[in-house]
Amino acid sequence: MQDLYKNSTHTMQIAFTTQLPSEGFRRLTEKVGRFLLYAPISEAEVLVSTFDKPVTREMIASMPRLRLVANFGVGYNNIDLEACRERGIRVTNTPQPVIEPTAELAFALMIGIARRTAEFDRQLRAGTAEPFGVMNNLSHSLYGKTIGIIGMGRIGQSLARRALASGMRVVYHNRHRLSEDIEERYEARYVALDELLQTADFVSLNLPYTADVHHLISARELEMMKRTAYLINTARGAHVDEAALVEALRKGEIAGAAMDVFEHEPAITPALLEMDNVLVSPHTGTGTWEGRLDMCENVCENILAFATGDWEKMDIVV
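The sequence shown runs 218 to 535 under this note's numbering.
Please keep in mind that the hints were generated in silico from the structure rather than gathered at the bench. Please read all numbers here as calculations on a predicted model, not as lab measurements. Errors might be hidden in some of the hints.
[Said to hold, decoys possible] Computed cross-link-like contacts, BS3-like style, restricted to lysine-lysine with a CA-CA straight-line distance of at most 27 angstroms:
#, residue 1, residue 2
1, K362, K468
2, K530, K248
3, K468, K443
4, K530, K270
5, K270, K362
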């Protein structure tokens, strides 16, 4: 592969599963004769994929020249990795550009659900709000509360930084404990998952999705949470058993939930849309103009590194 592209005039054909900002791929279009963007899927050597369009085994089989799947996003459960491994197809992702936008939205959802901003907005527009008054329209503060971060990777740490700046205590659970210097940086305490669920005022999911963590949060875990606690999910919808979540919200087992991702998206469990103590967002964790262009740049870097054989510069998944 390295010999095929490095120091050659071979034109690499690139296809996209989703239309992306053309200005984000100028680094490729400026290299005239080296890359052909918007090639037919069947002819593509590189496929730029997105989370909302599955790259299935059948799709991969229909692309005999495919050598690289450059995923536009950090999560890659939209791609059949085993089929790629069997064919020797490389898979990359874009981990760096998603960090700040996703953590930013997680923090916004925390504030929104605790301070009831969307609920108050709906009530005021509909004319159903309580009268203005000292003891009316009360909500909860983040200050002095404990955030429990499940998945203290780069996004989780970025969220911890925001939480710490807002006067919150930070506990976290990971498959592996972080180094002492990282814990000190965020004043974060490592705890078992059950302890996190039992003590946190806000439980935030910030971990990648694998089959091992399917329905990580189900009836048992929701029952363990404080009745005053909120669940925040900006990771993947399948981390949460939505049927169990609806029941927990109906029974008052937790105070509320704020979600950017859903178990069967784009479908959303209808009951969630009927509850005032649920705040929803349409999978927009990385959805800023700045973030999208940064992700395009990261995809370009992965493709260019692949084309020149500089694989150590690639964000390789497979």
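Hints and how they fare:
{"no.": "1", "hint": "K362 - K468", "result": "23 angstroms, holds"}
{"no.": "2", "hint": "K530 - K248", "result": "19 angstroms, holds"}
{"no.": "3", "hint": "K468 - K443", "result": "13 angstroms, holds"}
{"no.": "4", "hint": "K530 - K270", "result": "26 angstroms, holds"}
{"no.": "5", "hint": "K270 - K362", "result": "38 angstroms, violated"}
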